[in-house]
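Peer 1: Listed here are the chains, written in short residue letters.
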Amino acid sequence: MTQVTSSMTPQAYLKSLSRWRAAEIVFWLATLLPFFLFPSYLSLASQIALAALFALSLDIILGYAGVVSLGHAAFFGVGAYAAGIFSKMVWGEPLTGLLFGATLAGLLGYASSFIIARFRHLTLIMITLGLGLLAHEVANRAHWLTGGSDGLQGIEIWPVFGLFKFDLYGTTAYGYSLALLFIFFLASRRLLNSPFGLALRGIRENWVRMPAIGAERQAHIRKAYTIAAFMAGVAGAALAQTTESVSLESIGFQRSADVLVMLVLGGAGRLYGGLVGATIFMVARDQFSGIAPQYWYFWIGVLLVTVVMVLPNGILGGLSKLTARWRKP
Amino acid sequence: MLPPVFGVLFDGIAYGMLLFVLSVGLSVTLGLMNFVNLAHCAFAMLGGYVTVTLVNELQWPFLATLPVSFLAAAAASVVLERLFYRRLYRASDLDQVLLTIGFAFISVAAAAYVFGTIQQPIQTPPFLRGSTGFLGLGLSNYRMFLVGIALVVTLLLVAGLEYTRFGAQVRAAVDNQRMARGLGIDVDRTFAVTFALGSGLAGLGGSLAIDIVGLDPSFAFTYLVYVLIIVSVGGLGSIVGSFAAACLIGISDVAGKYYAPELGAFLIYLVMVAVLMWKPAGLFGRR
Amino acid sequence: MRPRRGRFSLPRLWGILGAKDANKVIQGEEYMRHSLLAGAALLATALLPAGAQAQEPIRIGFISAFSGQFADTSAQMDNGIKLYMKQHGDTVAGRKIEIIRKDTGGPNPDVAKRLAQELVVRDKADILAGFTLTPEALGAAGVSAEAKKFMVVMNAATSVITERSPYIVRVSLTLPQISETAGTWLATKGGAKKAYTMVSDFGPGLDAEGAFQRAFKAAGGEIIGSVRMPVANPDFSAFIQRAKDLNPESIFVFVPGGAQPAAIGKAFAERQIDPKKVKIMSTGEAVDEQAVKAMGDLALGRLSTWHYDYNHKSKMNEDFVKAFNAEFKRNPDFFAVGGYDGMRLIYEALKKTGGKADGDALIAAAKGMKWESPRGPISIDPATRDIVQTVYIRRVEKVGGAIVNVEFDKVENVKDPTHK
Chain A
1 MTQVTSSMTP
11 QAYLKSLSRW
21 RAAEIVFWLA
31 TLLPFFLFPS
41 YLSLASQIAL
51 AALFALSLDI
61 ILGYAGVVSL
71 GHAAFFGVGA
81 YAAGIFSKMV
91 WGEPLTGLLF
101 GATLAGLLGY
111 ASSFIIARFR
121 HLTLIMITLG
131 LGLLAHEVAN
141 RAHWLTGGSD
151 GLQGIEIWPV
161 FGLFKFDLYG
171 TTAYGYSLAL
181 LFIFFLASRR
191 LLNSPFGLAL
201 RGIRENWVRM
211 PAIGAERQAH
221 IRKAYTIAAF
231 MAGVAGAALA
241 QTTESVSLES
251 IGFQRSADVL
261 VMLVLGGAGR
271 LYGGLVGATI
281 FMVARDQFSG
291 IAPQYWYFWI
301 GVLLVTVVMV
311 LPNGILGGLS
321 KLTARWRKP
Chain B
1001 MLPPVFGVLF
1011 DGIAYGMLLF
1021 VLSVGLSVTL
1031 GLMNFVNLAH
1041 CAFAMLGGYV
1051 TVTLVNELQW
1061 PFLATLPVSF
1071 LAAAAASVVL
1081 ERLFYRRLYR
1091 ASDLDQVLLT
1101 IGFAFISVAA
1111 AAYVFGTIQQ
1121 PIQTPPFLRG
1131 STGFLGLGLS
1141 NYRMFLVGIA
1151 LVVTLLLVAG
1161 LEYTRFGAQV
1171 RAAVDNQRMA
1181 RGLGIDVDRT
1191 FAVTFALGSG
1201 LAGLGGSLAI
1211 DIVGLDPSFA
1221 FTYLVYVLII
1231 VSVGGLGSIV
1241 GSFAAACLIG
1251 ISDVAGKYYA
1261 PELGAFLIYL
1271 VMVAVLMWKP
1281 AGLFGRR
Chain C
2001 MRPRRGRFSL
2011 PRLWGILGAK
2021 DANKVIQGEE
2031 YMRHSLLAGA
2041 ALLATALLPA
2051 GAQAQEPIRI
2061 GFISAFSGQF
2071 ADTSAQMDNG
2081 IKLYMKQHGD
2091 TVAGRKIEII
2101 RKDTGGPNPD
2111 VAKRLAQELV
2121 VRDKADILAG
2131 FTLTPEALGA
2141 AGVSAEAKKF
2151 MVVMNAATSV
2161 ITERSPYIVR
2171 VSLTLPQISE
2181 TAGTWLATKG
2191 GAKKAYTMVS
2201 DFGPGLDAEG
2211 AFQRAFKAAG
2221 GEIIGSVRMP
2231 VANPDFSAFI
2241 QRAKDLNPES
2251 IFVFVPGGAQ
2261 PAAIGKAFAE
2271 RQIDPKKVKI
2281 MSTGEAVDEQ
2291 AVKAMGDLAL
2301 GRLSTWHYDY
2311 NHKSKMNEDF
2321 VKAFNAEFKR
2331 NPDFFAVGGY
2341 DGMRLIYEAL
2351 KKTGGKADGD
2361 ALIAAAKGMK
2371 WESPRGPISI
2381 DPATRDIVQT
2391 VYIRRVEKVG
2401 GAIVNVEFDK
2411 VENVKDPTHK
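Top to bottom, those sequences are chains A, B and C.
Reminder that position 122 of the first sequence reads as 122 in this note's numbering, one-by-one numbering, no gaps.
Reminder that position 108 of the second sequence reads as 1108 in this note's numbering, one-by-one numbering, no gaps.
Reminder that position 219 of the third sequence reads as 2219 in this note's numbering, one-by-one numbering, no gaps.
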């Protein structure tokens, strides 16, 4: 993070934030490596990219606006179900389906943001948890529409742009997911490095003072929450399309908890935290569960404990503190 | 003669009492020490496994295992508290979440490794089985026992925190740590004991829960949501609040299932969201 | 990706806990190293021309929920597989059998689909197997159809699964097979004219409810009421009181295995519904070994229809239970027998094809296969590729001090009633 100095104007500060650093460019180039280095891991890479997008959407509300949610999977699931049902009832064109799913998730986010924006702390966590569990129950009960616990059946997705079919190797799936991740990352980066993003951080740091200096706290939170819901919907819809399946798990508590763990593991409030966390968590899970399908939880647990003890504030948070200490001895 | 619905209500309260014993420890640690311990149910699971092992392998009587499971969970928590938790008292909530979820994961895998993934059966002593007639209602003996334990725990905790020297030290340490240290209170020790108490209660709850909800390695996560619901609806740090919340959730769950089974699983979540919107700090919460 | 061995080394931790065999874990780490080497070897073979793979082992991708709430089902299925391979060797028709285990963590079709893809694409698996849960099987079915891979469903019990790929065969059960038999038997030989149904409110529960009610009504019975209970439901007293208010002559119950069977059993007793007076019929999960142990005397008189129990009286089953106990220190259940029979089907099909493992050859070999299983005679319907088996009617009784399910009637050659 760039240090704020007293001589800096706000404009200069924001500009310094939005400058692309070499490490970032390297990071994004590296996301292309799986195509060449691990062609048999592309399905996993695709699911990692979507988990990263989902974590990024949570970062907008959690890392920047300070809204901790344990029900974020509700929007992921609504996006997934909507996109899946859209492909059955309307047509299998992926981009319109994606837009439909994400819009529905965004609308739901907007509606629930009126409740969310009023609460904080444990109350907020529990209300998001409650709303998430209610969404899960609705999906279970609407068996005729969602397929209930058997999962939504009969999703068929056409090739992207009529050219790229979703194949067994996951090449199209990864390309599709990565493109979505990159587009929405750029959008979030721009959004969060704007005065709006600064206002959100202000709300996170001081809930009481921000309204006093004229920031419309509730309106800001509502806006951020709606955007985050929309992005979660994109991630859900894309998962439904790339795997041609949706189940209750995609709207369940576990997915909400997992994404929270991924984000906190990577480091909340730093844009890349969700991306790094999702990658490490998913790769670790894949490797550990390959080695010990019954006991991989143990190693994931050890990973989490180690990260907290060695690198507080997530991997990126801890690393940036270490490098800062190293630079200024 | 009372109509059968009273019997159902009694069952609801007893079910609530089970949730109360499971969650009151978390209310203490989260409310008083501000520590988000999502591994709380892992301590409950430990208590449960202690009881199962003593009863099934060593043929101990069920009741005699209860204090042991309390002590085992308390002891395990002290070790973790000294080694890990203590360093995170001032860390962010999110780091606490990550650490304790990590321990919950580890506990699940360890339980699966040591005890297997199988459901653990337990046979309670004969006088706790079956039911007793009361004004035409059949009241389950085990559930009456649960209600009794819950009442005793509530009385002891309220009395302990309000009227003893230790309770005063805990409250002082929570309200103003530096001042408390200045007065010569050993804050570290006070927190360790409080934490052990909370986890011990979880262990006790785990042992009591087996007969009603069973025990397997996923226990550490399955009941976490219920426990969080009780704690938040009751209000952080309030023993009486947790008690009231447990009654409310238990009764509304059972009444909902009886009168409107179509609402099914929706009801307790609706009740929770409604209560929190009405009283964001919970029924008896101060903050 | 080798996990770091810090203060929390697995062997040492379990050494402290006094676990019986801390060495096992160390072997686990050895195994890890091995699997890394194996991974490298795989990568190497993938680069070789196809002809070089003639002596490759046959790889079976075993997809199931090894962790999470359903972990025990997969553990038992895995035990069945291990026992079969121990008894029959790990080489068939000159080719070695290799099992690659993959964890779905629960009913996740997206994960199951990805694992199936990876098994086919990366691990070069020839056969997909396992599947304790319906969503897992449905997720992998598309891969089986697209890649033409033989897929053996060893538990998942929703009828429609086998219709999703022409290469799927099921060796376990279908829920309608069991529940229809329950309905028909209860209305005829069971002598009940009126029934109340209580099922868990999710896919399998609704399947069971539908099949039972259809068959019960077709046999002249009347359904006087029904209730659907939440899946995550630890307390049943309110539902049972509702049933009791109608004073039914018989009750049909479906709850998933795990903690619920014992809970609902105890709740019947607490609300004073005596299985000896009211006929309580269920599928086998509700009176499985652990549930009956936890209920004790309260379970006496409970009726059920099911396809396998470790108390089934046959020489083959006695040997099976004995060997299973010697190996795993517990009794087999229907997951275990599903894994055992599934392996048997794979072995026999491979023998027929002479070691050819492509989907078309194996499915042709599996169709119409008949054999004697620990559960009794079973066969694969050549038209639907689904299991045909005997469904037993059982009652919980006390036999020499032990409380167990006793088979007292049976219906032979039951097919799934819902396939077209």
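Rather than coming from a laboratory, the hints here were simulated on the basis of the structure.
Heads up, some of the hints might be wrong.
Stated by the list, open to error - Once the Cα atoms are required to be at most 16 Å apart in a straight line, the calculated EDC-like pairs of lysine to aspartate or glutamate come out as:
hint, chain 1, residue 1, chain 2, residue 2
1, A, Lys165, A, Glu93
2, C, Lys2415, C, Glu2163
3, C, Lys2148, A, Glu93
4, C, Lys2329, B, Asp1175
5, A, Lys165, C, Glu2163
Computed from a predicted structure; not experimentally measured.
Peer 1: Now look at each hint and say whether the structure bears it out.
Peer 2: Hint by hint, here is what the structure shows:
Among the hinted pairs, Lys165(A) with Glu93(A) is consistent with the structure: their alpha-carbon atoms are about 11 Å apart, no more than 16 Å. Only pairs whose Cα atoms come within 16 Å are accepted, and Lys2415(C) paired with Glu2163(C) is accepted, the gap being roughly 15 Å. Simply put, Lys2148(C) and Glu93(A) have alpha-carbon atoms about 26 Å apart, too far for the 16 Å limit, and the pair is violated. A hinted pair counts as satisfied when its Cα atoms are at most 16 Å apart, and Lys2329(C) with Asp1175(B) does not qualify at roughly 54 Å.
Note on Lys165(A) and Glu2163(C): the hinted pairing is violated, with a Cα-Cα distance of about 24 Å set against a maximum of 16 Å.
Comparing the model with each numbered hint stated earlier shows that hints 3, 4, 5 do not hold.
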